[in-house]
Every structure is written in C-alpha cells, then in structure tokens.
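2 protein chains.
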Amino acid sequence: MDVYISGVGMTKFGRSKEPLEKMMAEAASLALKQAQVERVDAIYLGVMSVEEFVGDSNFATLLADTLGLTGIPSTRVETASSTGAGAFEAAFYAVASGHMKRVLALAGEKMTHLPTAKTTRILSEVIDRSERRYGATMPALAAMIAQKYAREFHLSPLKLEDILAQVAVKNHSNGYLNPYAQFRKIITKEDYLKSQIVSYPLRLYDCAPITDGASAIILTSQPTPIKVAGIGHATDTAAVRHRSSLTSFNSTKEAAQRAYTMARLNPSDIQFAEIHDAFTLFEIIGTEDLGFFSAGKGWKGLEEGTTHLRGRLPINPSGGLKARGHPVGASGLAQLVEIVYQLSGEAGGERQLERAEIGLAQSIGGLANNTLVTILERADRKRILREGWSPDYHPEISLSKKSTASPPSEGVGILETFTTLYTTPEGFLSPLTLGFVRTKGGEMVMACNPDYRSPKELKMGQKVYLRIREGLYVFEKLSFLNRLKYWIKGPPKSP
Amino acid sequence: MDVYISGVGMTKFGRSKEPLEKMMAEAASLALKQAQVERVDAIYLGVMSVEEFVGDSNFATLLADTLGLTGIPSTRVETASSTGAGAFEAAFYAVASGHMKRVLALAGEKMTHLPTAKTTRILSEVIDRSERRYGATMPALAAMIAQKYAREFHLSPLKLEDILAQVAVKNHSNGYLNPYAQFRKIITKEDYLKSQIVSYPLRLYDCAPITDGASAIILTSQPTPIKVAGIGHATDTAAVRHRSSLTSFNSTKEAAQRAYTMARLNPSDIQFAEIHDAFTLFEIIGTEDLGFFSAGKGWKGLEEGTTHLRGRLPINPSGGLKARGHPVGASGLAQLVEIVYQLSGEAGGERQLERAEIGLAQSIGGLANNTLVTILERADRKRILREGWSPDYHPEISLSKKSTASPPSEGVGILETFTTLYTTPEGFLSPLTLGFVRTKGGEMVMACNPDYRSPKELKMGQKVYLRIREGLYVFEKLSFLNRLKYWIKGPPKSP
Numbered sequence: 001m002d003v004y005i006s007g008v009g010m011t012k013f014g015r016s017k018e019p020l021e022k023m024m025a026e027a028a029s030l031a032l033k034q035a036q037v038e039r040v041d042a043i044y045l046g047v048m049s050v051e052e053f054v055g056d057s058n059f060a061t062l063l064a065d066t067l068g069l070t071g072i073p074s075t076r077v078e079t080a081s082s083t084g085a086g087a088f089e090a091a092f093y094a095v096a097s098g099h100m101k102r103v104l105a106l107a108g109e110k111m112t113h114l115p116t117a118k119t120t121r122i123l124s125e126v127i128d129r130s131e132r133r134y135g136a137t138m139p140a141l142a143a144m145i146a147q148k149y150a151r152e153f154h155l156s157p158l159k160l161e162d163i164l165a166q167v168a169v170k171n172h173s174n175g176y177l178n179p180y181a182q183f184r185k186i187i188t189k190e191d192y193l194k195s196q197i198v199s200y201p202l203r204l205y206d207c208a209p210i211t212d213g214a215s216a217i218i219l220t221s222q223p224t225p226i227k228v229a230g231i232g233h234a235t236d237t238a239a240v241r242h243r244s245s246l247t248s249f250n251s252t253k254e255a256a257q258r259a260y261t262m263a264r265l266n267p268s269d270i271q272f273a274e275i276h277d278a279f280t281l282f283e284i285i286g287t288e289d290l291g292f293f294s295a296g297k298g299w300k301g302l303e304e305g306t307t308h309l310r311g312r313l314p315i316n317p318s319g320g321l322k323a324r325g326h327p328v329g330a331s332g333l334a335q336l337v338e339i340v341y342q343l344s345g346e347a348g349g350e351r352q353l354e355r356a357e358i359g360l361a362q363s364i365g366g367l368a369n370n371t372l373v374t375i376l377e378r379a380d381r382k383r384i385l386r387e388g389w390s391p392d393y394h395p396e397i398s399l400s401k402k403s404t405a406s407p408p409s410e411g412v413g414i415l416e417t418f419t420t421l422y423t424t425p426e427g428f429l430s431p432l433t434l435g436f437v438r439t440k441g442g443e444m445v446m447a448c449n450p451d452y453r454s455p456k457e458l459k460m461g462q463k464v465y466l467r468i469r470e471g472l473y474v475f476e477k478l479s480f481l482n483r484l485k486y487w488i489k490g491p492p493k494s495p
Numbered sequence: 001m002d003v004y005i006s007g008v009g010m011t012k013f014g015r016s017k018e019p020l021e022k023m024m025a026e027a028a029s030l031a032l033k034q035a036q037v038e039r040v041d042a043i044y045l046g047v048m049s050v051e052e053f054v055g056d057s058n059f060a061t062l063l064a065d066t067l068g069l070t071g072i073p074s075t076r077v078e079t080a081s082s083t084g085a086g087a088f089e090a091a092f093y094a095v096a097s098g099h100m101k102r103v104l105a106l107a108g109e110k111m112t113h114l115p116t117a118k119t120t121r122i123l124s125e126v127i128d129r130s131e132r133r134y135g136a137t138m139p140a141l142a143a144m145i146a147q148k149y150a151r152e153f154h155l156s157p158l159k160l161e162d163i164l165a166q167v168a169v170k171n172h173s174n175g176y177l178n179p180y181a182q183f184r185k186i187i188t189k190e191d192y193l194k195s196q197i198v199s200y201p202l203r204l205y206d207c208a209p210i211t212d213g214a215s216a217i218i219l220t221s222q223p224t225p226i227k228v229a230g231i232g233h234a235t236d237t238a239a240v241r242h243r244s245s246l247t248s249f250n251s252t253k254e255a256a257q258r259a260y261t262m263a264r265l266n267p268s269d270i271q272f273a274e275i276h277d278a279f280t281l282f283e284i285i286g287t288e289d290l291g292f293f294s295a296g297k298g299w300k301g302l303e304e305g306t307t308h309l310r311g312r313l314p315i316n317p318s319g320g321l322k323a324r325g326h327p328v329g330a331s332g333l334a335q336l337v338e339i340v341y342q343l344s345g346e347a348g349g350e351r352q353l354e355r356a357e358i359g360l361a362q363s364i365g366g367l368a369n370n371t372l373v374t375i376l377e378r379a380d381r382k383r384i385l386r387e388g389w390s391p392d393y394h395p396e397i398s399l400s401k402k403s404t405a406s407p408p409s410e411g412v413g414i415l416e417t418f419t420t421l422y423t424t425p426e427g428f429l430s431p432l433t434l435g436f437v438r439t440k441g442g443e444m445v446m447a448c449n450p451d452y453r454s455p456k457e458l459k460m461g462q463k464v465y466l467r468i469r470e471g472l473y474v475f476e477k478l479s480f481l482n483r484l485k486y487w488i489k490g491p492p493k494s495p
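Residue numbers (the working numbering), protein chains in the order written: chain A, 1 to 495; chain B, 1 to 495.
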C-alpha cells in the first residue's frame, strides 16, 4: 500500500525551557493541525537517550497521554542518532501494511540542560565499548576519518581545512534563512578558523551543536500531494576500526541502494537532499556515498557551487545538523520535515528551492552504524520512465575486517590514522592522542598515547610500535633508539 | 499480507554471567536454526532500559554486528515492560507490509548484575513523575490496586491473601515443568505466607523476580504451521490515579478488542493464555479484562481449577513472569515463544497442553500504561465460522479523570486505597505509607504519610485530611481532635 504525508510540524531548534514532552506535543499539534485530524491510529516515537537525558522511561506512554490521545498505541523506536528517521520508517511499515490508516511519527530530544561533560558521556555510549574505553568520542572518531580522507584523496591539511570550512559556511548561510534553525548567523571562513580545535583536525564549527527540539509527521494511506517514494535502512560494524574503508560508509550505501530500488529511482533523479552533517566532512562523504559524486570528489561539487542553495543539487537547504541544530532523536525526522516544506513550496523566502519535486534524506545513527535513507516526492511528479527503470547505482560495499582470532600482541604496526583530542571525556587527560594501527597480521587496533601533545609529532603511514599497558594498546614512534632496541633485543614479549 | 512464524528460541531465564548481547545472540541463533535460515531482512530489537542496565546505547547496531548480520537494518523498539511484544508488533507490520519477507524479533534484558536498589530505581522510572516523587514503586502501586480490588469485590484480607497465594502456587507449579524457567521449585501456601511483605498486602512471592534472559522469533510471509492471528496495542494514562477504575486495565481491554477484531475471534475461542503476572493479582485482573471471566470473578476461575495446567483454560503454562522470570525487555516475546512451543507440540512433558491450537499473550508495559495483546494460532485450525464472525467482546472502557484545573488545595478527602511500602527506593525511609485520596472536588491525588508505620492504622473509605508539606500531599486521619480543630478553626489555608 502506498504511503503519503498529510502534515508536518517542528519546534524551533535551540535551547528550550520547556520539558521534552511539551516540545514534542507542540510539534505533534502542528502536524495534526496541518493534516486536519485530531486522532491517529498509532504513534511511533523517536527519542534516543531519554532515560539519561531527562530521567524518564516509558516515554511512549507519556507522549500519548500528553497529547490527550490516551488509548492509542504508542511505540518508542531508537536507532541511535538516526532515531527520528527510524520512527518514520516504523510508521511507514505500519501504514504500508494496511492495518493502520494514519499514524504519527514524532521525534525529539532535550540535551541543553545538562553539563556538556555529561552530555558528551551520554552521546559517547553509542560508540563500541572497545573503542570508547580509550576515551574515543564521536568528534575523535570523525577526526580520524577526516585525516584518512585527506590522505586517501591527496588533500593537504590546508585544502582539507578549506573544504570543511566551506561546508560550515554554506550550511550556516542556509540556516540563516531557516526560522527553525538554532543558528541563524552567517559565518565566514575567518570565523571558522577562529573556532577552537575539538579533535585535530576538526574544530568546533565542524561539529553539530547540542540542541533541544522536536519534529512530527503524519503518514497516511490516503493520497496527498506528498508521497513516500522509498526507504532504505542498513547497519555497519559497531567498531569503526573493523571497517575496510574509513572514507566511505557502507551503511549509507546499502540503505541508499534499498531506497533507490524501492523508489525505482537513481541518484540523478534526486533534486535536493538533507545529509547528516553531524561533522562537516560527513556531508561530503554522504554526497559521494549516495552516488551524487564519485569517491573523493564530493568536495568539488561543493567548491563548484553545485550543492549550494542555488546550485543544481542543493544539499542541506535547512542548514543541516550544523546550523539547524542536532537534537539527536529529532534530527532524522526534522530532515524529512524540511523536505516536505520544500516539496510543498512552504519553505518560505529565499530558502524555497525552485526545483523541488523529489528530495532525499540521509540520517546516520552513531558513527555510521545505523543509517536510513528516505526519498519523498510530489505525488503529481511525472514519472515517464517508471516502467523502464533500470538501476544505475552500484556502490562498492566493502566487507568488514573483524577478526575472530585473539587480539594482536605487541609489535610493529602502521599508523593508519590518528587524532589529538582536546575535549576529552570525564576521566581522560587532555590532550589525548588516539590512532588506528594496522598490525603485521593485517588487523586494525585502536591505540592511544597521552604523551603526544600535538598532532604535528605524528604522520599517517608511519611505522609505530604497539605495546599493551593496563589492557590498552599504546603506540609510540619507531625512533632510531627504539629501532635499535628492537633490532638488538627482538620484539618484547606480550604480557 | 498474512504473517507466520518459522522459528523461535530463548535462553534459560535466571541469573546469567554472559553479557546481554551474547544472551540475545544465543536466542537468535536458536530461532534462525529452527527457521533454517542464516539471514533475515531486518531485526527488531526489544530492550527496555539497556542504557542504564548495561551502559550502552546503539544496541540495535551491536546486535546486528554480534549476530554477524552487519548491513541488515536493525531497529530498537521499546514500550516499557511490554517491549518484547512491541518488537514483535513492529516486526509484524514490516512483514505485513510486503516489503520484508523475513524478520527477526529479538528481545532481552540483563538486570541481576546490579544492586537491587539500583535496579528498583531504574524500574521505577516507568512510573509517572508525579507519583514517583512520593517514593511510589511498581509494587506499591500494584499493592494499592490489590487493596482496591479486595474492597470493590468484597474480599476479606484473608480471602485476598488466599487468592494471591493460589496464583503464586499455580505458576510455580507450572514453572517447575519448564526447563527455561528461573524458578523450578514447587511452593506451598505456607511458603507463600512465610515470604516477606514488600508493600502491604503484597509479598515477595506476589512479585515477579529480577531476571536475565533473551527470546527470539522469526516472522515470515511464507506460510508455516503457526500464524499470527491478531495483534492489538493500547496505552492508558501515565499516572495511575487519573484512571476512573483501578481494578481493571483499559489498556488491556482496548488492546484485546483490537486483537480479537483483527483475528475475528472471541474470548471463548482462546484455548490458553500467557498473562503478564508481574504481580499475582494482575493475572486475575488480566483474565477478567480479556473477557475470560467477568469482573471480580477471575479468582473463581483459578479456585475452580479452570486456569490450571489441566483446566479448561490454562493460564501461564510457562510459569508466567512469576516463575519463568521477568527480564523486562524479553518477557513480552518470551510469552509468544511459549505459545509457539505449545502450538507446535514442543512444550515437552507434562507442560504440553492437549488443546493447543490457539493461544493469546497479554503483555503489560509499566503500570498497565502500554499493553499488547497478541493471538497466535495453528494455520491448519478449522475456522468454520470465520465468515459469520460477530464480536461478543464489548469491554467497558472507562474514561480517564485527569483534570486540567489547578491542583487541589488542602482539605478533607476520602482515602480510596493505600499501602505501606517496606522496600522503599533510595532516599525514602521505610516503612512508607502511600495512598490515593479523593478530594471533595472529585480529583484523585497521591499522598503519603511516613508516620503510619502499619497498614492496620488505616482503612479504605475513611475520611482523611490532606495537607501540603514541601510540595507533597500528606494525609492524616480525621481523629476526634483533628475534627474538633477543623470545626472550630475551619480548614487550614493552603500555603
């Protein structure tokens, strides 16, 4: 059964004094009002870490009650930071099954009321335990990916910096036009360069902010002008180091393939997209993974203006997670709200796109662990080639490299990528240098070295020596002295 | 599209040394093996408070990875203590939509590794904030419901005690036969009476235990001998005191009505059922709400042996939450696993029921806030009257009594029900007496009085005086002295 959208709503993102359930009720009321209905057959509720952020569980009940919809089935859905898109997907299947006529997908998160250290700790729980114990945060892992991207595609540190700044500048410029955005200020490259380094090479302006907000969509089996064309969903390894590629996300590619196939569409059909720019580089990687640009070329699309608001393929007209803000549970659904605004010509002012008949949203859960791709289109769009559709999206899915062997012992390895983390989580001294080291056996391990106080001391691809200290891998450069010791005495035995 | 079951699995419930993801993987492997498949199109994962119990979020990803199913869509679903049934429902709609051919519903919880006080705190987060702040726990609310039930249906304290003991004795007797049960010991009424009072009148043997465990089911669009006949889901008010009836649960009735309607079945068609006996009385109330017995008569069905293993309508052949154990996220799915065992004749030994062609499970989330009713049947069952089905289940749904007026001020009220809680949560002195007081305006408020150290000092229906102390309602008996003061000086002004 085909699924349509009859109403959307969202709160202004930012810092809110309202309790979470009030914010969510506000978004839901707007959507119900637009859909001109008072009741729905079910609620699918997206909240990511509500138990820890606000101290309540049983939130699906609380929302049904707050909305005055007591009795109606209400189910909480969670897929880490893609939760809002996950709630939409669950709602989609409920309507597509024919058992439900009209359902509410409702998503939100309240984060700004807690101290940043606590929020960081809660957000870090999405990271695989084996990497989290080194002090890895989301920005640290994203920074290691950024370094690797620059090396793989031969971008100098200055060039990488320039590309990342361009993403931030573009998305702030779009957010300036969006009344729902947390940041409505235009920034320049100079502003970007002035922002502090969170985890080298990523700056504060590379990272989506901490935000309160809620978003809502009514899905229905009754035809409306906006149709759900396709949904795809895919996971990837929990640990980032187990992936064979760090510069492209399998979960995006598999999800996109499923969404394009369900929609019988190709990347060239997409007119605009909302991309999960939790970190600036993720926008670039996203546009490559989705088939808009080839690998390592996404930044050119940005540089040439293709992804700008007036370009051929506007990316993040809303301002993205970067400028609209990122209430983790709500973002995935807010992206779809923006697409509906654009498709219905309601985005308003300069933000309204001229070509807006078909839009795509990509929402990443965790560090690209659990990703959803959703395509919405105008129901009146002419689909001349529908019958004759043939897929032209054939992404390369790289297999994971998780080994079932026992963990590697001490020895020489290659430093594949690294970062120096300045905003460390509780219990870790700043700065903290973290790296992925490939061992002789080909396995990738995470390792740390709190002695390297600057990223300047290291470079990717160099040989390092891995030791095990208190159950953690610690890496150090193979200095002349270290090499000599190694040559004379042989490698130290693992404990 | 019709939905069938091709495989089930569960771990032995109890105390486990394995991490949660390993237990869940074990249950999933059994289900996949029985279904003779290696892959599924999606995973729907039920865990209730995994962030707080084990300190990880992003659990849907972790499980896909642990199962070696990286890439497959994985979505976490949560509806408080009915979470396992909620995961099954989401999986059902995914298959029913026609978009997925085969999905895994997988549920689990790990609870025994934490101190009981911490576990109690986590479990209490399902309770509405306005009631939780008085120190109310799940057993305390269930105890107030039990008191009210006894009063409403004219059961003496001794009679109530006898009925509750019978539920515990029956379910332990069934659990004794279940190799997956946490408690495999037969208990007597004397054992029951020796167990300590948790919250008057409920004893330890009235409450489901703290348990580790996991359960799994494969749902498929391909016909198999077991079919999903109907699913219903409903919520009720977050706060228990806002309900117009405390002795019957609207959420069960609305969910049952939806499930019976989808299945085109009536209560009299059901041959056996798994009921959410988180507290012994809930089994009695459940059998009434589901239409098996009329209100206030469920205990007679038990007393007459109807709900015993060899009775006409066996209830909780698995031993129920009481004896099989209650890993909160897993229980709702484990009930369905038991029904599949029975329907396929695989329950084994004395536990196998003779009439097992159609079974029902009722799973309660929170304090009957979010309930699911699921009916499974043998696909080869003769349904002679299918075409001519007419519903004979017409439950009385009582409206909630939430007032939007400002909270009642101090004054005289009626003590509707009360309990003395001995196992108090952190920060509350034991014993703690809690009650629901109906004000003159007809509103129900929760109130406490730490001075009453024994339930013997109070009785339901008596007049009490409500005061407000430090933002909480405190009630005290209208003694002769209090009455005199009240008559001479008028009611004290609210602060």
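Do not take every clue at face value.
Which copy is meant is left open, so a pair is good if it fits within one copy or across any two.
Below are the SDA-like pairs computed for lysine to any residue, each with C-alpha atoms no more than 25 Å apart in a straight line [as the list claims (entries may be wrong)]: (1) K118 - E52; (2) K148 - R453; (3) K185 - E304; (4) K382 - R39; (5) K118 - G427; (6) K33 - H394; (7) K17 - R129; (8) K101 - Y4; (9) K22 - E443; (10) K300 - S130.
The set of hints was computed from the structure by calculation and includes no laboratory data.
How the hints compare with the structure:
1. K118 - E52: Both. Shortest intra-copy (9 Å) and inter-copy (14 Å) distances satisfy the 25 Å Cα cut-off.
2. K148 - R453: within (20 Å within a copy, 66 Å between copies)
3. K185 - E304: within (23 Å within a copy, 74 Å between copies)
4. K382 - R39: neither (33 Å within a copy, 37 Å between copies)
5. K118 - G427: both (12 Å within a copy, 23 Å between copies)
6. K33 - H394: neither (41 Å within a copy, 32 Å between copies)
7. K17 - R129: The answer is between: 18 Å across copies meets 25 Å, while 33 Å in one copy does not.
8. K101 - Y4: both (10 Å within a copy, 23 Å between copies)
9. K22 - E443: This pair counts as between: shortest inter-copy Cα distance 23 Å, intra-copy 49 Å.
10. K300 - S130: Intra 36 Å, inter 55 Å, cutoff 25 Å: neither.
Violation of the numbered hints given earlier is confined to hints 4, 6 and 10; the remaining hints are satisfied by the structure.
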